[in-house]
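A.B. asks: Assemble the complex: chain A is given as a structure, and chains B, C, D and E must be docked to it using the hints.
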Amino acid sequence: MRLLALIAVILTGGLIIFQTGAFPDFGDANAPANTYLSTYYLEHGQADTHAPNIVTSVLADYRGYDTMFETTVVFAAGLACFFLLRRKKVPGGEPRIYRHMPTGITLRIADGGKLPAEDSEVFRRLDTEFVPQQLIIKNTCRIVIPFIQIFALYVIAHGHYSPGGGFQGGVLLAASIILYAISHDLRRAIRRFSEKTAALMGSLGVLIYAGTGALCLLMGANFLNYKALAPLLGVDAVMARSHGILIVEIGVAFAVMAMIIWIYYNLSSAGKHDEGL
Amino acid sequence: MIPIDLAILTLVTISGIGALAIKDLLGAAIVFSAYSFLMCLAWAIMGAVDVAFTEAAVGAGVSTIFCVAAVFHTTRRTKD
Amino acid sequence: MTDLLPLMAAKYNYWIYTILMMTGLYAMIAKNNLVKKIIGMNIFQTAIILFYVSIAYKTGGTLPIIMEGGHGGGHGAINAADYINPLPHTLMLTAIVVSVATMGVALALAIKVYRQYGTLEEDDINHQIRTQAGQ
Amino acid sequence: MELLYSIKPLAAILVSFFVVPIIFSSKSENVREAWTFLAALLKFAIVLSMLPFVLKGGQIAYSLVEVLPGVAIAFKVDAFGMLFALVSSSLWIVTSMYSIGYMRSLKEHGQTRYYACFALSLSATLGVAFAGNLFTLYLFYEMLSFATYPLVTHHQDKEARSSGRKYLTYILGASIGLVLPAMLIIYTQTGTFEFAPQGFMNGAFSKEATTVLLLMFVFGFAKAGLMPFHSWLPAAMVAPTPVSALLHAVAVVKVGVFCVARVITSVFGTKMLATMGLGTIVCYVASFTIIVSSFIALSQDGLKRRLAFSTIGQLAYIILGIALLSPSGMTGGMLHIAMHAFGKITLFFCAGAIFAASGIKNISEMVGIGRRMPFTMTAFLLGSLSVIGLPPLGGFISKWHLVIGTIESGQIFFLFVLLASSLLNAAYFLPISYKAFFCTDEEAMFEKKVDEVPTWCLVPLCITATCSVIFFFYPQPFLQLAKMTVATIIGAPMP
Amino acid sequence: MTHHFPALLIIVPLLSALIVSAMGWINRRWCFPLAVAALSGALAISVGLLTQVMATGPIAYKMAGWSPPIGITYVIDYLNAPILVVILAVALLNLIAAKTWIEKDFSEKIGAYLALYLLFLSGMVGIVSTGDAFNLYVLLEIGSLTGYALIGLGKERAPLSSLNYLFMGTIGASFYLLGIGYIYIATGTLNMADIASMIPQLAESSTLFLALIICMAGLFVKMALFPMHGWLPNAYSNAPSASAGLIAPLTTKVMIYAMVRLGLTVFTPQFTFSRGMLSEAIVWVAVAAIIAGSLLALMQRRLSRMLTYIIVAEVGYMVGGFWLGNEAGVTGATLHIINDAAMTLTLFLAVSAITWKLGSDKFEDLQGLFGKMPFTMMGFVIAALAVIGIPPTCGFFSKWYLITAGINAGQWAFVGALLFSSLTNAVLFFRIFEIAFFEPFATGHGHHDHGPTFSEAPLTMVVPLIVAAISLIALGLYSGDIVTKLIQLAIPAGIA
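Protein chains in written order, with my numbering: chain A, 266 to 542; chain B, 4 to 83; chain C, 92 to 226; chain D, -19 to 475; chain E, 52 to 547.
Just chain A, same shape as in the assembly (with noise of 0.2 Å):
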């Protein structure tokens, strides 16, 4: 089997090798890719949609509506995961461990005996790994996390002028709130964020896509057509176009970020929800 895979990989491989030869050379600016169609982005892209960064502008607006779908495939992503792996009962638990603040002694309590709230303050729930506390880490991550925060709310909102958008930012928002989950522990992350939160706030970004869409139908232009919400904005049509950009690359990051850490929960508690990473 190996060895097939081997001889067909490697004839695929050359036959597709042999083929580069009728390549355009590599940085050809006059290869038919670079001539044809990019060649109108390049030269109108700004002056329609009010937008330097030209993969930005071609993203969401000439081609946004392979874009809703990029973000829709996140979200199918983040529902597939939970659909997957989200138990609600685990059937034969493990046992759990907490530790009593104010004494520091640990306790183990088996499967079926009587838990404390989830919310008390007196008792924590610990990880069944044990993991040594981790000050500093713990406090970096509390001082760096604003910070990334920050950031993604810039790449979104900066994404007409320089890389990124909503797809960036809103990893980025979810990388903050993983690294939370991983500094401290995944239950707190989950309190701050909740699944539900983050199931309907996925919703909500693809909504916003989507529904500003819709919303140009319903104003009498094509799907996606943000010229249309001129009016409701109140500017002229190609900041109408601008602000249309804008619109959707905030729903971007509000799924992008709800479906990353959803995948992330699912992914690192196996479906549980109690002790991740």
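Source of the hints: derived by calculation from the structure; they are not laboratory data. A hint or two may mislead.
[Said to hold, decoys possible] Only some residues are given here: those of chain B computed to face chain A with a beta carbon under 7 Å:
no.	residue
1	Val61
2	Ala63
3	Gly64
4	Ala73
C-beta atoms are modelled at their ideal positions from N, C-alpha and C, and glycine is treated no differently.
C.D. replies: Just chains B, C, D and E now, kept in the frame of chain A:
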């Protein structure tokens, strides 16, 4: 003189094969993270800053975390 | 040798993408461990992204972020050959997102498989399935 | 020729189709059987109402949706189709009557399914009779195969399963494996399926190709039971007797020969076959079947099995008649569809009656049964005389035409085949009646007490026996319909 | 509003998926009615589109108002309008039939399940209606990703099967993406019509030819063409019953649609069929697929597994018919997309009803089923006849065109394979009928009805099944209209 992008691409190949060759899944995940990061550098050099940014956040960041999370819940051992 | 070097410089990216793609493909077909397969899958996908990004590159071009001209201006003043082709970049943003989404789902399935069979090795799993069917 | 567009043919087909859900939803047995009767009578009435027009030389056409380019589900009632429709729809009435008596007296299970499938089969049969093109013909042919399967396997035991398997393998295998490819080849070459009095092939194929296609059709319509595609028929004898009667006299085998006849006359065209000399090949196949099946019939002890082999031979008569391609031969062949139907159904009714009354299936156990069941055995005698082809019974008329046909076409060999097989027929039928009536008291296995089957069974078999006699003296409208068909085919003026 | 129908067709399932997903966290009772309403709405829209197309010809819809090739265009033409209706009808019928299953299997996750269901559907609808080659890839991934999830929560080996499906699906989709890259490198555009307009100048381009091969290879993996079919039987037979009835009829068929679309509209028939070697090789692979699928189906002892191998054979039908490259072949392949979707749906609905009642679909458990579940079995019988190819069910007609195409092309192996598979299918299904009809054997003559007692599946399962079964006959009767009024208009000039 070797152009820097060619050098990085060579490194990408090495780390890619390395990620598949290492007989420890956690190690593979980390090498894979390096692969992603090197790839993101290559793209940045080629002028694809948006793609590079995304790859840095997603490939080197989130993907690795997912991988580590999955390995954490399964096993590190592997036969190949 | 004189011919080879320019050819290498001109096509190096395409060769590397092919090698990476085939490495990933080989891993997906021949590797025994599911997580390794998933990593291979990701390498396979990033190789294709590399291919697209290579298409977009223009020697001497700069980032596709228009610097001159302001609102409504710059029409006709922009020389498209100066900027790297933005379209493949856009497409590849989508592809990256797809790859991470696929990876998430794949890992979720791998965890489920591990939960069921207690191993990630494909031959062990097949062995278990066969013995179950044999009983 | 007059052409009338009317929904009547479709209505005649659908009457029994629509009665199926009613049968399924009927609460009581009486209601169910009343509906069956109603449908049968209605169907017969619709067919009859079309008869005068057809007899005047008209045709009734109706076409449904177009399913393939140039091919619609179309119906056309011509003289030949009318002949067959008359036979099958009239016999459905008597068969229903007989079924009631038979099934009730044997307390069979699954009677609802039985009546429903029966009705469906009749729909398919009329569909075949009224088909306006080869596609429609094939459609209803296949529908009939499936509708009769639950009937053949009615008992749902192991024997029924293996017989059913055989039945479907032969019928379906032949139709998918032979008829369908033949149709496809014809369609790709001619682009049409529309029946025409002189065929629609018009020399699109070479002689070799035509031969192969012809044989594909002749054997592919395995319901016609030509050897070697015959062995499903004896196997299908596991079915309840009314089903066998239906299979042999009304629907299945007659549909088979009808299809073969249709294909020979309206697809290939008799003139083309005659010029290519292909009729003779079919004649030889049929002759072989006639002789061999008669010999096998001689050796059978099971009454139904003997009748089955007799049927195989008689079907080959019909095909022989058509394939002689001479006017009288074709008339005889077509007429034999009707005459054999009435004769053979009588025989099967009798066999069923004997089984229902005494539980006997084998001929060797029937010595002296005429004393106990005089009416049944008299009918049996009449039926067998008709099948043998002796006057004064209907079978004589058709055989007479067949014999004339062989002389007309100058193929004397087949004359001898016919005569020899008639002798064989007599040899395997007459001893039964003889033993039933004329035996010494010591030999007799039954007392002289008359103990007939229930009236529901007895009346139908008396009716059909009487019909066989009547048709000798008054073979209309069948004879006229057959003559009209032949006239259209050979292009002669109407009689 | 009617001229926005192409966009609404996608937006309605997409938006309702979001709302259903949110409803799963707020009030679960609303999820199911919402999903049904959304699908009914989308179905109505697709019917509206079909009539619009039939009245006025193809419709192009510019997403975001940018005209092609700058923006993404949706094109509804004679080819995809009927397929859209079929897809949505299949999804709606299956959703109604799956109600009891969903409530039983996924009561806690009903919101997520239905959202995935609707997303899957919007992916499928999108693939069929898009006029942009790259957009097709994104939608392909939506369809696949949700498909993995829908399968993954099934019985027994479902997670492993789903993971294998994911690997193969990703290989297929990635190859497709690569092929699009090759097209892009040669033409510089992604719009399907725009690519087609450039093909004549690039007829000799080897890059483009490789693009064709790579794209097709990717799609072949995704449609499970033999010998890349390994993932399909496991994935489909282990899928939850509620998902199997959705994914089995749609996924492979939509991929075949994509193949037809690429071959006809993107690469144009002149280019696609220009290399005789390629076409012939693919037809031979298809022949192998048909024979292998039929033989493997014979070896199965479980109803659903048997059906999955029949799907493998059916894929061979369509691929072979299309690559014969003549008019009858393309017509047959396209018609079979519609017919096979309906047939597979009916079969899987029947299996789902049987599994619901019996808890298993192994052959030996099917005894006496005709008595127990007459209506389910009636639907099953009609679908079986359609698969065998008995008129007037729809399966006959598409097979008719395919065989005609084989005869016209002189490709007798293909004709033989089709007939062989028809006969094998007959054997396959009659084996089941016999078990369900005869066993347990009756003890002899002269007994009253004492067969298995009537115990039919719930009405929500049986009614969609019967509707689907009747549609098989209706499709058959109207196949002449479908072909002359839609499919033949969709076939571009230049096909022999």
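A.B. asks: Now tell me if each hint is right for this structure.
C.D. replies: Hint check results:
The interface hint given for B:Val61 holds, since its Cβ lies 6 Å from the closest Cβ of chain A, which is under the 7 Å cut-off. Annotation: interface hint on B:Ala63 violated; nearest CB of chain A at approximately 11 Å, more than 7 Å. For B:Gly64, the suggested interface contact is upheld, since its CB lies about 6 Å from the closest CB of chain A, less than 7 Å. Interface hint status for B:Ala73: upheld, as the beta-carbon distance to the closest one in chain A is roughly 6 Å, under 7 Å.
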